[in-house]
Amino acid sequence: MKPIQSCNDLVIRFANVNGSGSASANNLFARAVFRLGLPVSPKNIFPSNIQGLPTWYEVRISEQGYLGRRGGVDMVVAMNGQTMHRDYAELQPGGYFVYDSSRQLPEEYERQDLVLIGLPLTNLCNEAFDNPRMRGLLKNIIYVGGLAYLLDMELEVLTAAVELQYRKKSQLIPPNLKALELGYDHARRHHQGRCLLTTRRRDDLIGDQILMDGNAATALGAIYGGATVVGWYPITPSTSVIEHFGRYAERFRREEGGGRLMAAIVQAEDELAALGIVIGAAWNGARAFTATSGPGISLMSEFLGLAYFAEIPVVLVNVQRAGPSTGMPTRTQQGDILACGYASHGDTKHLLLFPSTPAECFTMTARAFDLAERLQAPVIVMSDLDLGMNDQLSPPLNWDDDGRYDRGKVLDHDQLEALEEQWGRYRDVDGDGVGYRTFPGTHPSKGAYFTRGTSHDEYSKYSEESDTYLQNMERLVQKWETAKGLLPLPEERPAEEKAAIGLVCYGTTIFSAQEAVETLAREGLAIDVLVIKAFPFQQAVVDFIQGHEEVLVVEQNRDSQLRTLLLVECGLAPEQLTPVTSYDGLPIAARALVEQLRTLLASGQSTTTTVTQGGAA
Amino acid sequence: MKPIQSCNDLVIRFANVNGSGSASANNLFARAVFRLGLPVSPKNIFPSNIQGLPTWYEVRISEQGYLGRRGGVDMVVAMNGQTMHRDYAELQPGGYFVYDSSRQLPEEYERQDLVLIGLPLTNLCNEAFDNPRMRGLLKNIIYVGGLAYLLDMELEVLTAAVELQYRKKSQLIPPNLKALELGYDHARRHHQGRCLLTTRRRDDLIGDQILMDGNAATALGAIYGGATVVGWYPITPSTSVIEHFGRYAERFRREEGGGRLMAAIVQAEDELAALGIVIGAAWNGARAFTATSGPGISLMSEFLGLAYFAEIPVVLVNVQRAGPSTGMPTRTQQGDILACGYASHGDTKHLLLFPSTPAECFTMTARAFDLAERLQAPVIVMSDLDLGMNDQLSPPLNWDDDGRYDRGKVLDHDQLEALEEQWGRYRDVDGDGVGYRTFPGTHPSKGAYFTRGTSHDEYSKYSEESDTYLQNMERLVQKWETAKGLLPLPEERPAEEKAAIGLVCYGTTIFSAQEAVETLAREGLAIDVLVIKAFPFQQAVVDFIQGHEEVLVVEQNRDSQLRTLLLVECGLAPEQLTPVTSYDGLPIAARALVEQLRTLLASGQSTTTTVTQGGAA
Amino acid sequence: MTFFRPSFRHPQLPANQAGYYLRDYEGGISTLCAGCGHDSINGAIIQACYELSLEPHRIVKLSGIGCSSKSPAYLLSAAHGFNSVHGRMPSIVTGANMANRELLYLGISGDGDTASIGMGQFVHAVRRNLNMVYIVMNNGCYGLTKGQYSATADKGSVGKKGEPNLLESIDLCEIAIQLGAGFVGRSFSGDKQQLVPLLKAAMSHIGMAFIDVISPCVTFNNTPTSTKSYHWVREHSEATSTFDFVPFRQEITTDYENGSTEAVTLHDHSVIYLHKKDPEVAVTDRRQAVDALEEHKEEGLILTGVLYVDPESEDTHTILNTSERPLNSLEQAELCPGSAALKEINEELR
Amino acid sequence: MTFFRPSFRHPQLPANQAGYYLRDYEGGISTLCAGCGHDSINGAIIQACYELSLEPHRIVKLSGIGCSSKSPAYLLSAAHGFNSVHGRMPSIVTGANMANRELLYLGISGDGDTASIGMGQFVHAVRRNLNMVYIVMNNGCYGLTKGQYSATADKGSVGKKGEPNLLESIDLCEIAIQLGAGFVGRSFSGDKQQLVPLLKAAMSHIGMAFIDVISPCVTFNNTPTSTKSYHWVREHSEATSTFDFVPFRQEITTDYENGSTEAVTLHDHSVIYLHKKDPEVAVTDRRQAVDALEEHKEEGLILTGVLYVDPESEDTHTILNTSERPLNSLEQAELCPGSAALKEINEELR
Ligand SMILES: Cc1ncc(C[n+]2csc(CCOP(=O)(O)OP(=O)(O)O)c2C)c(N)n1
Ligand SMILES: Cc1ncc(C[n+]2csc(CCOP(=O)(O)OP(=O)(O)O)c2C)c(N)n1
Ligand code: SF4
Ligand code: SF4
Ligand SMILES: [Mg+2]
Ligand SMILES: [Mg+2]
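Sequences listed follow chains A, B, C and D, in order. So the first sequence is numbered by the working numbering: it starts at 48 and just counts up by one. So the second sequence is numbered by the working numbering: it starts at 48 and just counts up by one. So the third sequence is numbered by the working numbering: it starts at 63 and just counts up by one. So the fourth sequence is numbered by the working numbering: it starts at 63 and just counts up by one.
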């Protein structure tokens with residue numbers, strides 16, 4: 048078996064124990080690849096626990112710029128005894144097994160199709176360093192140094208990265224640099240020429256892109272969008288949205304002279320209260336948001352119905368994880384599409400946004416406040432664990448200083464004063480289904496109204512009249528139509544040739560989907576892609592689907608939830624939409640998807656297909 | 048204008064103030080009609096308040112046995128000054144306006160097309176009775192007496208009804224009888240021959256049917272089904288399910304000698320806790336249930352996901368009311384179909400049952416426990432306010448003493464003892480997707496397992512493995528398929544001739560739908576009806592729809608929610624299902640539905656149609 | 063509804079210092095049962111706002127669900143109101159208050175709304191010492207759902223259905239004191255004399271002012287055997303002390319004897335003068351306050367009045383150190399760091 | 063996981079009266095952080111069950127979500143367990159207990175799980191005096207979500223992130239006493255000496271036995287400035303009294319001096335002998351119990367031990383007067399009234 052040979056196109060998996068400090072070393076590695084100008088996509092696959100369990104970090108380097116999970120591992124850095132044999136077994140034929148050779152490999156490690164690369168990490172580390180706590184951490188840096196040599200990376204990129212990382216704890220720089228060199232030297236001395244996976248600096252590939260996790264971008268979007276009140280409750284993987292918001296608020300929202308904060312971040316007692324806080328604040332004229340994940344969404348459904356019916360502009364970020372119930376809290380999924388689209392009892396529907404990149408997390412979150420206020424309705428930003436918690440290569444964040452917040456229809460003191468006819472909170476004077484709001488305290492005698500979750504007339508008076516109820520409910524449908532004109536449009540990515548087949552995807556699925564489509568295009572199979580950005584769907588979505596003989600809907604849940612929304616809301620026949628799903632908790636893998644699509648399209652059968660992904664964790 | 052003339056076919060509306068004691072008088076009237084052997088269908092249209100607001104009681108008498116709301120009022124008994132003019136205005140041409148003529152009618156009561164029937168109720172009452180509190184109540188009885196004369200009812204039926212009603216407070220019988228006679232006599236003396244609406248005893252129409260409200264029947268179903276633990280939280284219109292359960296438990300579940308109760312009814316602190324109690328009890332081997340309405344469903348969604356994923360056999364009764372949010376708490380709707388069918392985040396689906404009559408409330412609730420335990424999943428009984436809180440003419444309740452509770456797959460001590468291979472809670476040994484349960488405390492060393500809402504393997508061990516997760520999720524799909532074979536089948540009601548058009552309906556919609564279909568049949572338009580009884584839908588549902596050129600789905604919500612489920616779950620094209628909705632909070636009215644269907648089918652247009660109902664409240 | 067109310071019903075009452083008449087504090091016609099305690103409390107709230115010369119539109123009235131929670135519709139028409147969902151008023155007020163700290167937040171709830179479904183939110187709003195007046199109209203039952211016992215119903219109390227309540231009652235005042243509310247009082251809907259000044263003091267306090275008002279439900283829980291009936295409460299209540307509330311700017315006209323009168327000065331310089339039976343008892347002592355409640359309970363008595371005040375307590379904004387300006391008044395220019403800052407951030411991420 | 067544990071690790075310990083060895087009470091390998099307080103508490107629970115000679119399969123272990131709530135997986139493998147959802151363990155236990163009153167219910171929760179999201183359910187399970195042992199593993203933070211302060215974190219306490227906690231803490235024991243729990247205690251994960259007998263007494267009590275155990279989170283909240291750290295708790299805790307727990311059937315071997323020793327006999331005839339510093343203080347007095355907690359808090363001390371016992375308190379089943387037989391054991395013949403009764407009912411409805 049020939050060792051795998053490739054340049055700037057490979058997948059390395061780091062297998063570690065969580066809580067052992069491996070995260071920062073692995074991160075250092077990924078960031079160094081990025082600094083070499085190479086498209087990189089690291090995925091952290093971690094357990095729902097704090098310390099002592101297996102965790103993996105999978106780094107894909109792709110010269111073509113494919114950022115989805117690829118599937119298959121070319122090299123594993125096996126640092127976890129608990130999973131070592133499995134990590135070994137799952138390597139691709141021709142792959143590289145990097146391990147701590149301070150101890151000999153046991154006998155059952157007898158594959159003939161692998162390249163074994165032993166680095167005596169423990170020994171090297173113990174010889175070089177005294178502090179027992181530091182040893183554990185530096186061992187990780189040693190293997191990073193080893194990799195630098197094996198993959199032919201410029202060591203300076205790594206040393207620079209170390210210096211940056213520890214610029215605030217500079218006493219840590221020398222030992223880390225030493226560790227890097229130890230690894231590099233050992234590899235150079237013992238493994239020269241053995242590794243045919245290489246990297247080469249490129250200046251033409253990533254341009255001005257950045258490396259950032261989606262949750263940080265979401266948080267920054269909320270800062271730029273003008274959010275001032277946050278109600279929240281910790282839950283993986285959404286917690287870091289709020290943590291980042293807090294950090295950015297420290298940086299951008301302290302009053303002159305380091306004083307008080309121009310934001311209130313309230314850690315609530317649970318998710319019901321978190322959304323209640325957001326509703327109260329939004330009702331009272333502040334831009335407010337919360338972030339949560341599956342269980343929180345379920346707990347928020349009563350309040351979401353209130354916000355829908357009382358028409359309160361809340362912004363809710365859902366960083367999806369694998370359900371149902373507590374499910375797999377540290378795995379990714381796009382499993383809450385239905386739960387969010389139709390949250391709450393009664394006839395309710397909610398506006399959804401689907402970001403795919405940090406840049407979109409930023410823009411869509413900021414925009415969500417405009418949309419919520421313009422449409423006086425909840426807007427749910429549908430992120431997921433993969434997007435939210437992993438570093439992503441992304442276009443830079445962009446802000447137009449000339450743009451103005453769209454606060455929607457709000458009457459201020461002077462407008463109220465000037466009003467001639469009787470104002471009604473829920474009167475549709477503009478024919479778009481949206482009334483005019485007022486904020487408490489605005490005017491001494493005009494504009495006060497009584498907000499309620501009960502049926503109400505145009506003046507917000509309680510009513511049990513059938514006609515009043517109907518009129519109100521129909522106006523909400525009208526508003527739903529209005530929304531279609533305001534929400535971000537889907538993005539078409541046409542094939543080079545005319546294609547009879549279309550593929551619909553959204554969120555984090557788009558990377559592997561795009562890669563699969565390009566792979567199949569090289570095989571002569573043309574597929575047009577449509578990336579959905581929002582719910583409700585616009586006419587462009589219907590047109591795309593109607594314009595193709597067969598349309599595949601690729602998504603990361605069992606029940607083809609976005610397809611369900613498409614069927615129902617666009618009036619499509621089921622044959623028009625072939626579900627393709629991947630929902631095992633790992634980000635959808637391109638290779639498996641290619642296989643799946645190939646078989647599917649060859650057989651001509653449009654039945655449900657689930658992508659079966661290989662791989663650990 | 049000729050006064051409306053009809054025998055055994057009319058609609059009377061009583062307009063009262065709530066808290067004024069009218070309910071029992073009106074009830075007395077409806078029950079007397081029933082005792083005359085006439086199909087009767089009373090609908091209480093009451094406010095969300097305790098005292099002093101308008102309330103209506105609409106009684107339909109229908110020789111043909113049509114039990115849906117008809118629409119249009121033939122006679123109004125106008126006892127409420129606040130709504131009197133409106134009640135007057137809404138009467139059908141040729142209708143009868145019965146009012147308290149102790150005071151003269153104001154001038155604006157000038158319709159020429161009505162028959163005015165004045166009964167000097169206040170005067171009669173004050174002359175005959177001294178006790179001021181009693182006067183208010185007896186005034187209501189006087190108009191019942193008047194009606195008895197006007198409608199040509201046998202007075203004895205009413206006197207017997209009074210005697211029955213007050214058998215435990217016999218001192219109330221004489222004044223009530225006196226009041227009845229006062230009204231009767233006055234009408235006889237002053238209004239002879241003026242009313243052309245009549246009733247006539249029939250011995251051939253209602254057979255052995257009973258008059259009962261759906262909530263009482265549901266409660267009794269739970270008693271017969273063997274429920275022993277109830278967690279609940281008050282909410283209209285579900286509260287009386289539990290109140291009735293309590294009463295029946297007093298009657299049937301006291302231990303010998305009037306001792307302890309063989310049931311635990313726990314008034315919880317909220318709906319989350321209510322369902323938690325049910326989950327805990329069901330998990331521990333008791334049959335347990337709760338009842339709630341819309342807001343409760345939303346609050347229960349996190350726990351529903353747990354029950355789905357941990358496979359716990361809970362029974363949940365949802366007596367639907369008009370949403371969204373608090374909506375119209377005392378109005379009816381079928382608006383929680385999606386919220387219940389897909390409750391909770393992640394990929395979840397729930398079993399639903401749709402009763403239409405008290406007999407079905409009884410049977411389906413009892414059966415729900417079997418289904419929940421057999422399928423180890425939540426079963427939601429989808430009643431509504433109309434069915435639950437109004438008296439319904441219903442086939443008698445029926446119980447087969449030879450039937451045995453189906454406790455599903457539970458291993459007892461001896462079975463555990465005899466086990467040879469390793470038992471796994473979630474192992475699908477029978478290929479139906481359902482594993483074997485055990486109860487705590489059963490066996491000293493076998494059968495203990497750890498229940499969790501996190502991803503688990505066949506032995507219920509925590510797992511973050513992709514394959515384990517997939518296997519489990521797919522087994523749940525398998526179980527979903529198994530359910531189809533166990534759930535009640537839809538009921539086909541074929542037209543007499545071969546029909547190209549089909550109509551699908553469920554729950555309380557079936558009465559008006561059936562009436563509309565029969566009306567159209569008389570006009571030569573044949574329509575087959577399918578009454579859906581459960582979700583997931585069986586092949587018979589698909590066959591019915593595929594077997595018709597056009598299928599109308601009639602339901603009482605805005606967003607055609609059952610149609611949504613049909614589209615998605617049966618793989619149907621939208622053109623195959625024409626939505627027909629009525630969702631203004633009043634029970635769907637047959638006349639309006641007929642109009643709607645007529646226009647719809649004439650135009651050949653299959654777009655959404657909403658039944659616009661006339662009428663007060 | 064077709065009712066109209068004559069628009070000028072109190073000709074005898076003059077305009078207050080802010081230039082408002084009593085009618086300016088009124089609301090819609092009540093749809094509660096005739097005689098319901100809640101209506102009297104609404105009257106007292108209207109009176110208190112009038113007497114304090116509050117600007118009606120600077121008040122925000124919020125509630126959950128229940129007969130009591132309908133109250134905001136029956137007072138302060140010129141104020142914005144929010145009738146939210148069952149048990150969740152505290153979180154709504156929290157958000158509203160965070161958005162604009164300059165308004166007066168009046169939260170109205172029921173014993174079901176607060177002590178059952180709302181217990182979690184109640185506890186945490188108190189713990190954060192949210193600046194609001196939190197009024198529980200406590201009738202020991204769920205009025206709107208027809209009379210089930212609530213968690214504040216006393217053990218053994220018997221309402222209209224005739225079955226005694228089996229469970230121990232929860233004393234919301236005791237919990238509020240324990241969790242750090244800065245102002246805690248209890249009163250009775252039938253005692254306007256006490257209730258109005260109590261409300262005024264609560265409205266003048268900064269931080270959580272919690273008031274539990276026993277408010278008989280005449281329809282379901284006003285039986286002689288109910289401990290929340292008019293009769294029972296009249297017979298069994300005892301005030302901690304009589305007190306006078308003297309708002310800031312109002313002159314003190316009486317000289318109070320030292321020793322038996324304790325003067326508590328609130329943040330806004332209003333003063334509560336408490337004329338106590340026992341000069342040893344300090345109204346600012348949490349342990350004593352809790353103990354006094356317990357002691358009276360043991361004797362079968364309901365202790366009313368100002369139960370506890372901590373005029374120094376810090377409200378949520380102070381704790382979180384948020385801007386002194388209403389957050390909802392901040393403009394884009396202050397909130398949005400702009401493209402230059404974003405350029406920097408992009409740079410850091412390369 | 064690929065760990066295996068030697069199956070016989072305590073050869074020195076004999077079988078208990080019920081014939082079980084200590085290992086019979088153990089569970090799966092812990093995945094908590096090395097040194098986590100929760101693991102010590104699990105050890106104490108195992109020890110207590112062993113010493114009480116409980117039959118492992120007659121115990122039911124339930125929890126919410128959190129590091130602490132994972133504990134049931136690490137003990138009592140032979141018992142059924144239920145790791146439910148965040149904050150909702152009390153309602154699950156309520157249902158389970160209603161279904162079968164004969165088992166011992168061990169509810170394990172965290173301070174986040176109980177004092178925040180679970181506050182409502184906690185309060186109401188206590189109020190119903192549900193027959194269970196309710197253990198809160200109290201580390202003042204949310205371990206599993208990486209260290210945010212919980213509602214039991216003391217004001218000013220500083221954890222790993224270096225920012226002080228701003229809000230007042232909630233004392234769950236105080237609330238439990240107030241709401242009528244029959245048994246309330248507090249201990250420290252580092253003090254097995256006290257914790258094991260406390261657990262044994264709790265397990266012997268009928269009704270709600272609530273135990274708050276301070277349990278340092280070594281990863282996020284074990285800084286010297288944290289009041290929930292090993293160091294701090296060791297320095298600042300004071301026991302109400304030393305005590306001996308003597309299970310029923312065990313002979314009393316010591317003669318206790320009168321006056322300073324209070325003997326409390328539980329429902330099952332076990333006895334707790336408390337050797338008190340202050341003979342005036344009665345452990346069965348609620349007001350004293352609350353006051354003692356407050357007093358120590360004022361002094362910056364953590365009071366531990368048996369805080370309150372009411373051996374006469376009635377549990378939920380007694381209050382509801384439910385059958386003495388487990389409801390889950392009733393058969394169709396007893397539950398279903400049958401067709402004859404139904405005929406009668408139909409008749410009544412005609
Ligand atoms: C989530 C939810 N559950 C239940 C209800 C039904 N409900 C309405 S009011 C109420 C209780 C009200 O009791 P309380 O707060 O004491 O108010 P009161 O009517 O006694 O003044 C209940 C249970 C609801 N509206 N929402
Ligand atoms: C509904 C819901 N919200 C949030 C979470 C996330 N979450 C998991 S554990 C936890 C807090 C645990 O804190 P605590 O109960 O104190 O346990 P500890 O880990 O400190 O032992 C939270 C917020 C969740 N699982 N479910
Ligand atoms: S039911 Fe009771 S609480 Fe409700 S309005 Fe009537 S008296 Fe008041
Ligand atoms: S994070 Fe804290 S609470 Fe969780 S296991 Fe580690 S030490 Fe224990
Ligand atoms: Mg109440
Ligand atoms: Mg904790």
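Among the hints, erroneous ones may be present.
Stated by the list, open to error - Now the stretches of chain B that chain A is said to cover, found in silico as 3 or more residues with beta-carbon under 8 Å:
1) 338-344
2) 499-506
3) 609-616
Everything labelled a hint here was simulated from the structure, so no lab data went into it. Backbone N, C-alpha and C define an ideal beta-carbon position, used for all residues, glycine too.
Verification of the hints:
Counting residues of the segment 338-344 of chain B whose beta carbon lies closer than 8 Å to any beta carbon of chain A gives 3, which reaches the threshold of three, so the coverage claim holds. Under a criterion of three residues with beta carbons nearer than 8 Å to beta carbons of chain A, the stated coverage of the segment 499-506 of chain B is upheld, 4 such residues being counted. Judged by the Cβ-Cβ criterion of 8 Å, the segment 609-616 of chain B is covered by chain A as claimed, because 3 of its residues qualify and three suffice.
Of the numbered hints listed earlier, not one is contradicted by the structure.
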